[in-house]
Structure formats: structure tokens, C-alpha cells
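Enquirer: For reference, the chains in residue letters:
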Amino acid sequence: MYPTRSSNTTNRNAMDRKIAIDPVTRVEGHGKVTLHLDEQNRVKEARFHIVEFRGFESFVKGHPYWEAPLLVQRLCGICPVSHHLAAGKAIDQIVGIDPEDLPPTATKIRRLLHYAQVFQSHATHFFYLASPDLLFGVEAPAEKRNIMEVAVANPELARKGIQMRKFGQELIQAIAGKKVHGISVTPGGVHKGLSKEERTFFLDGKAIPSVDTMIAWSLEMVRFLFDYREQHREWMDSFAAFPSNHLSLVAADGALELYDGKFRVLDATGAKAMEDAADSTYQQLFSEATETWTYLKFPYLKSLGRENGWYRVGPLARLNVCEFISTPLAERERQAFKQLSSNSPNNKTMHTHLARMIEVLHCAELMKELLLDDSLDQGELVRQGKHRNLGIGVIEAPRGTLIHHYEVDDSGMITRCNLIVSTTHNNEAMNRSVRWVAEQVLDSKPEITEGLLNQVETAVRAYDPCLSCATHALGQMPLRVSLFDAANQLVDEKIRE
Amino acid sequence: MKKSLLIGIGNSGRQDDGLGWAFVEQVEQEACFQGDCLYRFQLNIEDAELLSQYDQVFFADAFAGELPGGFALTPCHPQPDTAFSTHLLSPACTLYLCRQLYAQAPQAWLLTMQGYRWELKEGLSAKAQANLEKALKYFRTSCRESGELASFSSSQQS
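Residue numbers (our numbering), protein chains in the order written: chain S, 1 to 497; chain F, 1 to 158.
Everything labelled a hint here was simulated from the structure, so no lab data went into it. Honestly, I wouldn't trust all of these hints.
[To be verified] Derived DSS-like pairs (lysine-lysine); straight-line CA-CA distance at most 27 Å:
hint, chain 1, residue 1, chain 2, residue 2
1, S, LYS178, F, LYS127
2, F, LYS121, S, LYS61
3, S, LYS166, F, LYS3
4, S, LYS206, F, LYS3
5, F, LYS2, S, LYS206
Extracted from the complex, chain F is given alone in its bound form (with noise of 0.2 Å):
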């Protein structure tokens, strides 16, 4: 089996920020993914390193703007980009990190789920909550069909 992992981003002190943990945490009380699972406030230059030790990885973050359908699971290739501060990465900064550095260029997919609400306060919003239950639902249904992340095709969408 392909060794996988799957990270959350984000933040669950700021409200929908915390879809990537809440989703992660789920997906381990409900021990449908077979891989190592993480969280993250945001990824970091020693990630790539991290990244480098797997075959295929998961990254699921919240997002600001429209996403038709509540969220969106697209694959995740390498890109350097020019930002000035090293406190974060964007996942295809981080995976062009693990190629260049460590030569290694693990499969991975970014799950994106719209957010609303952003202050610092605890709890996903409502409309927050179902975008992560449509989500979830996908992943599910996915990882019990192959039990890889290999079984999501290279661009779906609810």
C-alpha cells in the first residue's frame, strides 16, 4: 500500500478557518483513511521534508471565496512562487520544495472548502458545517472504495 498522508490547514480559533481540522478530525474518529493524518496552522519550508517521505498527500484547507457546490478537489502539482515570508506556504510551494530539495514528488490533491465567517471565535458556521459534510461524504465514498487517495481521479468536484 502507498504510504499517504493527510494534512489539515488552518485555524479552529477562527471560526470557518478550521474546516481543514474539523475535516481531519473527523476522518480519524471515523478511521476511513488509512495513511497518517496531521494538522497545521499553515505549512512550513520544513514541510517539504516532511512531504517527502510519502507516496501520495492530502491537504485540506478552507477557502475565501466561491466554490460551486461548497468545495472543490483538485490535484496539487509543484510551483515556486515568490513570496517574502517563510511563516507559510502554499501546498504546490511546499511540494516544489520536496522535489528540489529532496527530489521527491509525492501525488497530492488539495480539497478546498468555501468558508463565511473568519473572526476569532470557536465552531464552523452552518453553511460552513454542511460544505464539510459534502466533503466528507466524497472523501468517504472514495476511500472505501480504494482505501488510496489513488482513487481520486485528477479533477473532481462535487
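One chain only, chain S, in its complex shape (with noise of 0.2 Å):
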């Protein structure tokens, strides 16, 4: 039942040849990777395959519109609050109710679930997943690189980093009744409130480490990451950088937002690579390309094409596409962030980690103003309109923008749905971050080694990609790394399961 390690090493004269990860660790759900060398040992092709597949779209065609965001949030056990939050976003539109017109206190129970999800679930993917590869390194020994050893040699980092995600996720049990799968969205609205009493369970620090705390800790975090970079600059600098396209959502203002807003695409020089969007609008805006090898889709703009229209969501495309952050703590740290790529959009993937981090701050600013909000037990809680056939959600989940669309018949049954998720946006960047350490890490080192297949994985870890979702499936990650020569002919293999 639990993972243990394995090795099967043959060797062979090798041409072209064939190298696997499979599947990729410490991320969520199950990936591959794939190399392909010639006979200079020089990349050709570098592939992230997501080889399982669930069909959730078609699960929910049938079901009527209501019972959506209760379906569709068992894609995952990580986000299952993301997907409640966009399907709901979607289902107000069929009961005739668009963001604007949700009752204000909805809209808060609403926002305050959602940053409390953000904020556990970057700090899970901070200290239970890519905490060893920045405590220990990438060269560390696959036995260090883990949460186990963070535990041993970090225990205030690790304690904290429990301390945090439990607080993200007593809230959410708090708002939604559990804190996996629990239900706070209903058409037009939430089924409940947060009383007074319940929120000084978050406030006074008695039960648990109070929100101040928790605002305090992200800002530890976020300077111990700036220290971080500081310390190995040249590595957190240029690990598998390279410029692309930014996507996100934004407020009206400009300012980083995460529940509700327009479209915004910036690229690597920072210009907009297409005026603001309404959200509503995104078939309009974005094709999906399709390839045989994987199950996951690559979203591109329309208007730039396939070639260039690819882009990147998630905690650094929303750094790079905000104008601002709302919250002062997290907007000063904003600032400091965007020092580093001077003003300009930052394309150095592993700075995903301190944007994901001031994330994290933001979250817990905004979680401590709505926890001091007394409307939040005070009135209505759901609004209804006229019934409509087609609802669209967006929201920037942790993992960057996820789409919800439902179209239902008049009777209410869903006759279509289309998922897209935060991992599928950033499936090509992903690929791309694979090529890079594949051709910068490779190429002159043809012999498998731990650190190696670490590598490539640590490139896709900061996307924190949510695999499950992305696929709407579910399964474990054990690791298979397999080299064939020109004939595919097995030449070497590293297994863990």
C-alpha cells in the first residue's frame, strides 16, 4: 500500500533514444514525462503526458443544474472548494444571477471560503511538496526530499506549515461543513452564514493560532523566500525561465483578484497580448489544441495562434498581469517581487514560489478583514432571477484560472459541460519547463541519475499542477523513468512506485 523504490538497469549501444518519468512526483494526480534523445545525446523532443482520464464533463450531463458544484468538486480532494466556487459562479447565471447581483453577504461567504482554500493549498504545496527540493536541494537524495526530512530539520517550518493549512481548512469546515467536500454554494447564493461566534474561533487565537498569527507566518514565509533567492540567485534566476504570455483575471482597477474579474493577457515584454475580456467570453478567446499523447488539452489564444498564443496562469502570471494588490503587507511584497525582474513581467518559473507565497500573505490579510466583518450572519443569502440556459464561472484557482461552463435544457438538465482548468493552461509551459531542464541538464549527462529525474520534476512542481483536475482523474504517482535506444528497445529503467 505505501510506495516503496525499485531499479532495473540493462545497458545497450543506443542511437536515438527514449527517456520516461513516470509519473511525476510530489505533484497532485499522475503525469509523465518523456524525453526523446538523438544520437548526440541532444533533446528532440521533451513531453508532459497526463495518461489517465476520468470524464467528468460527460458524468454531469443529465444531472440537473443544482447538483453541479456538488459533483464536479470530487474531481479533486486538493481544490474541490475551487470547483464548487466555479460551478456555482456558473449555476447563479441559469437561476438569472450574475456575480453583481449575488446577495453582498453571499458574496463575502463566498470570497472568504475561496481565500481560505487558496491559502491552504498554497501552503500545502509550499512545505509538504516543495520545501525539500529548497531545503535540501535538487541533488539531495530522493530519501531527504521529503516531508519527513523537512519535519527533522525544520520542525518550526513544518509545524507552521501544518498549523497553516489547518487554519485554511477549519475555516472552510467552518463555512462549508467539512473540510473536503462540503457544500456552501446554492444557486443564487450560500446556505449559511458565519456567525460572530464563529468567527472568533479565527480571531482570538484560543482553539487555534489566530489569523494575526497566520499573517505573521506568510510573512516569514514570503521573507524567507526572498532570503532564499538571494542566497541562490543564479539558480532560482534561471531554472527553467523562459518568456511567455501571462494570463489571469483582474478587478476593474487593476488589482490582483481571484473570485471575480475580467480577462487579462499580458506578454513577456509586458504589452497586452489582447484587450481586457469579459470572462463570459472566453470561447471567443481561446482554442484547444489537442495531441495524441497526452489526455491534456493545450488552451491557446485565438488571436495569436497555436505557436504563440500559449500562456502561463497561476501565482506569477497573476503578480505579472495585476497592477496592484489590494492588501498593504502583500502590496508592499509585490513590489519587492516585481524589483526582481525590474518592473517587467517576471518569466522565471521558480519565482512561482515567492509569488505563490505573497498569495499566501494576500489571503490572510483578506481572510482577517472579512473575519472582522459582522454582515457576515446578516441578510439574504440567495437571490433568484430568471431561468437561463448557459452559465459560465471563472475563477483564479490556486493553481491559476478555472473555467466552469454549463448549458441546460429548460427543464434545468445539464445538456453540456466544459471544464477548463488551471493545469490545462499551463500544460504547454509545463512542457516547455521539461524541455529546458531536458536540454540544459541532459544533454551532456546521458546517465540517469536521482538528481536528474528530480529536476525535471522540480520544473513541474512550480505550477503545482493538479493533474486530477486537469483530466478529471484520480491516482498515485509512483516514478518510472525509461530509456530506449532508436529501436525502442529498453536500454535502462528507474522505477518507484
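Dock chain one against chain two, each of which comes alone in its own frame, and use the hints as you go.
Expert: Laid out in C-alpha cells, this is it:
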């Protein structure tokens, strides 16, 4: 039941070769990497494959629209709240309610739920998945690169990570009834508000560390990562770095916006790659290409085409796209972050970790604002308007832009569903990151080493991909690296199970 | 009285994988256990913090291998593992993290009950149900005698 590691190695003269990393570890879900080398060991091709499929878009057809937020959150045990909210925003429109028409209290509750989710998801990624690479280095033995060793080497960091994740989860539970797969959204509103007593739990620091402590710890982590970048500047600035477009929702005034806004895309120089657009227009803006070797599609901007229209989403993109952050501490750190790229878009993939932690700080500040808001248990919670047959909900999930699209018949049964999740948006960027590592690390070192494997994974991990969401599948993550010659004969293989 | 925790691990939607939950459910209904009861699909890292709040912890889980007598009760000691997944921890590994991070080492036992069917379906198989009854009978007796998990010896098996 619990993973072990094994290896199987054979030697053979090779000309063209293929290396597979299957699956990538310390990411959410199941994917693999294949690298094709020519006779000179130069990378001909690098691919990040998503190899599982579950088909939620089909499952929900024929179900009543009000079930969508409950059904689709089962896509994932990590970010169910994000799917719950995106589906909720979509079905609001089915009952005739646009985001601006939602009851103010319902909007606040949903936002608080969202910020708690982003907070705990980002904390989980940093402390559980990414920190072993940063603390011990990508070349550290595999046995070292896990949360157990983080606990041994830096128990204070690990304890804070656990408490931060717990804070977010407790808040999710207070709002939605459960830490995972709870229910808050109802068509046109929310099921319940948050009483003063419930809010006090998160403010007074008696039962759990308070939201003020969360802010302080978040700030500590931001400073830790700035310091880390100073100490590892060359690696942090260059590893898997490449220019790209950046997509995110943004508020009407240009502020970082996680719950509801308009699309903005900047190119690698900071110029707008398209005019800002309403999120409901996504079908006019994006196309999705497919490849036979992966279930994950490749979205791109129609206006720029497949070759030039790909982009990144997520924390790095959001901090590039927004003009400012509405909360003071996070805004101060954003300004410092912008200095790292001379106020131009930051295309340094590893800086995503820093951007992610600045968002943690932002969410902590926002949670405090809302927890101090006495209107969270006052006023109407649900509104309904005139039935429509189409609903499109878009939010900025922890990993990036998340699009839910539902069409229903006049009786309210879902006839079509389209989900474009954050990890799908990042597909091209993740593939390019894999290629970068392959070209920079593998070209002159054809032997498969643990360090090589992990560097490929480190590049993918920066995006915090949720592969279960991306293909709407679930799976474990054993790791297999296979080396094939030109005749597709196995030359070398290492396996983690 | 020592503070005690009973955790059922599993998934009632996967047939006999629901043994752990069924065990806790029954214990709760009978109120034969003086402590807190919880259900988990799997143990996670943050459960280390939870364990640190208890003197005694009892894990109940299904077992896919052979168990003479249908169930087994063994002491559970802190033990690290190098699994790469953070989505599930063994009870021993969770105890290890509890000790490393919170300097707490609650007494712990692992009750495993043999299961036979693991498909996407609710309800225990007849043989698993029988194993559950045996484990419950043993547990009731022990709780009645002392009301605490400390009554269990270091290693017992039916």
C-alpha cells in the first residue's frame, strides 16, 4: 500500500533514445515525462503526458444544474472548493443571477471560502511538496526530499506549515461544513453565513493560532523565500526560465483578483496580448489543441494562434498581470517582487514559489478583513432571477484560471459541460519547462541520475499541477524513468512505486 | 482518565475498505468507548498535530492480506517512511511525525480487520462483517473491563 522504490538497469549501445519519467512525484495526480534524444544525446523532444482520464464533463450531463457544484468538486480532494465555487458562479447565471447581483453577504462568504482554500492549498504546496527541494536541494538523495525530513531538519517550519493548512481547512469547514467536499454554494447564494462566535474562533487565537498569526507567519515565509532567492540567485533566476504570455483575471481597477474579474493577458514584455475581456467570452478568446500522447489539452489564444498564443496561469502570471494588490502587506511584497524583474513581467519559473507565498499573505490579510465583518451573518443569502440556459463561471483557483461552463435545457438538466482547469492552461508551459531541464541538464549527462529525475520534476512542481483536475482523474504517483534506443528497446529503467 | 482517540481509516464506498469506519460507527452507537471518535479516508500530515493532543490512540483499518482469526491488534510505534506521497501516511509514520514535531508519543494500537472485496460499492462482504463482529466483541470486552485502551496488552490477536 505504501510506496517503495526499485530500479532495473540494462546497458546497450544506443542511438536515438527515449527517457520516460512516470509518473512525476510530489504533484497532485498522475503524469509522466518522456524525453527523446538523438545520437548526440541532444533533446529532440520533451513531453509532459497526462495519462489518466475520468470524464466528469460527461458524467454531469443529464443531471440537474443545482447538482453541478456538488458533483464537480469530486474532481479533486485538494481543490474541491475551487470547483465548487466556479460551478456555483456558473449556476448562479442559470437562475438568472450575475456575480454583481449575488447578495453581498453571499459574495463575502464565497470570497472568504475561496481565500481559505487558496491559503491552505498554497501552504500545502509550499510546505509539503516544494520545501524539500528548496531546503535540501534538487540533488539531495530522494530519501531526503520529503516532508519527513523537513520535519526532522526544520520542525518549526513544518509545524507552521501544518498550522497554516489547518487554519484554512478549519475555516472551510466552518463555512461549508466539511474540510473536504463540503457544501456552501446554492444557486444564487450560499447556504449559511458565519456567526460572530464562529468568526471569533479564528480571531482570538485560543483554540487555534489566530488570523493575525497566519499573517505574521505568511510574511515570514515571504521573507524566507526572498532570502532564499538571494542565497540561490543564479538557480532561482535561471532554472526553467523562459519568456511567455501570462493570463489572469484582474479587477476592474487592475488589482489582483481571485474571485471575479475580467481576463487580461500580457506578453513576455508586459504589453497587452489582447484587450481585457469579460470572462463569459472565453469561447471567443481561447481554443484548445489536442495531442495523441496526452489527455491534457493545449489552450491558446485564438488571436495569436497555437504557436504564439500559449500562456502561463497561476501565482506568477497573476502577479505579472495585476497592477497592484489591495492589501498593504502583500502589496509591499509585490513591489519588492517586481524589482526582481526590473518591473517587467517575471518569467523566472522558480519565482512562482515566491509569488505563491505573496498570495498566501494576501489571502491571510483578506481573511482577517472578512472575519472582522459583522455582516457575515446578516442579510439575505440567496437570490433568484429568470431561468437561463447558459452559465459560465470563472475564478482564479490556487493554480490559476479555472473555467466552468454549463448549458441546460428548459427543465434544468445539464446538456453540456466544459471545464478548463488551471493545469490545462499551463500545459504548454510545463512542457517547455521539461524541455528546458532536458536541454540544460540532460544533453551532456546521458546517464539517468536521481538528481536528473528530480530536476525535471522540480520544474513541473513549480506550477503545482493538479493532474487529477486536469484530466478529471485520480491516481497515485509512482515514478518510472525508462531509456529506449532508436528501435524502442529498453536500455535503462528506474522505477518508484 | 487518559484522553483517548479512536480513528477509523478507510472508505465505505469501497466495500470492505469500510471496515474501519464500520468499526467506529458501531463503537459510537454502543457508547462503549470513553474517548473521541473520528473517520478518515487516509491519515494526513496534519493528523500528527491531532495525535499530539491524546494520551492513547487506536487506529482501526481494513487489511487486504491474511489475518488468522480475521482481525489483529498490535501496538503501533513511531516509524518514518520515505514514501513520496503526502496524501496518505501510515499510522506509524503519523506517530513518528507527532513525536518529531510535537514531542508527543501517545500509546497507540492498530486494529486491522481482514477484508475481501474492494470494488466501488457500499456494504461489507459477509466474511468481512464476521471479522468486524469478532473485533467488536473483543473491543467491547476490553473497554468494559477498563474503559481505556490501556487495557490492551502489547500484542493481542484473536
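Enquirer: Each hint: holds or not?
Expert: Hint check:
1. LYS178(S) / LYS127(F): violated, 32 Å
2. LYS121(F) / LYS61(S): holds, 22 Å
3. LYS166(S) / LYS3(F): Measuring from Cα to Cα gives roughly 22 Å; hence the hint holds.
4. LYS206(S) / LYS3(F): holds, 20 Å
5. LYS2(F) / LYS206(S): holds, 23 Å
The structure fails hint 1 only (numbered hints given earlier).
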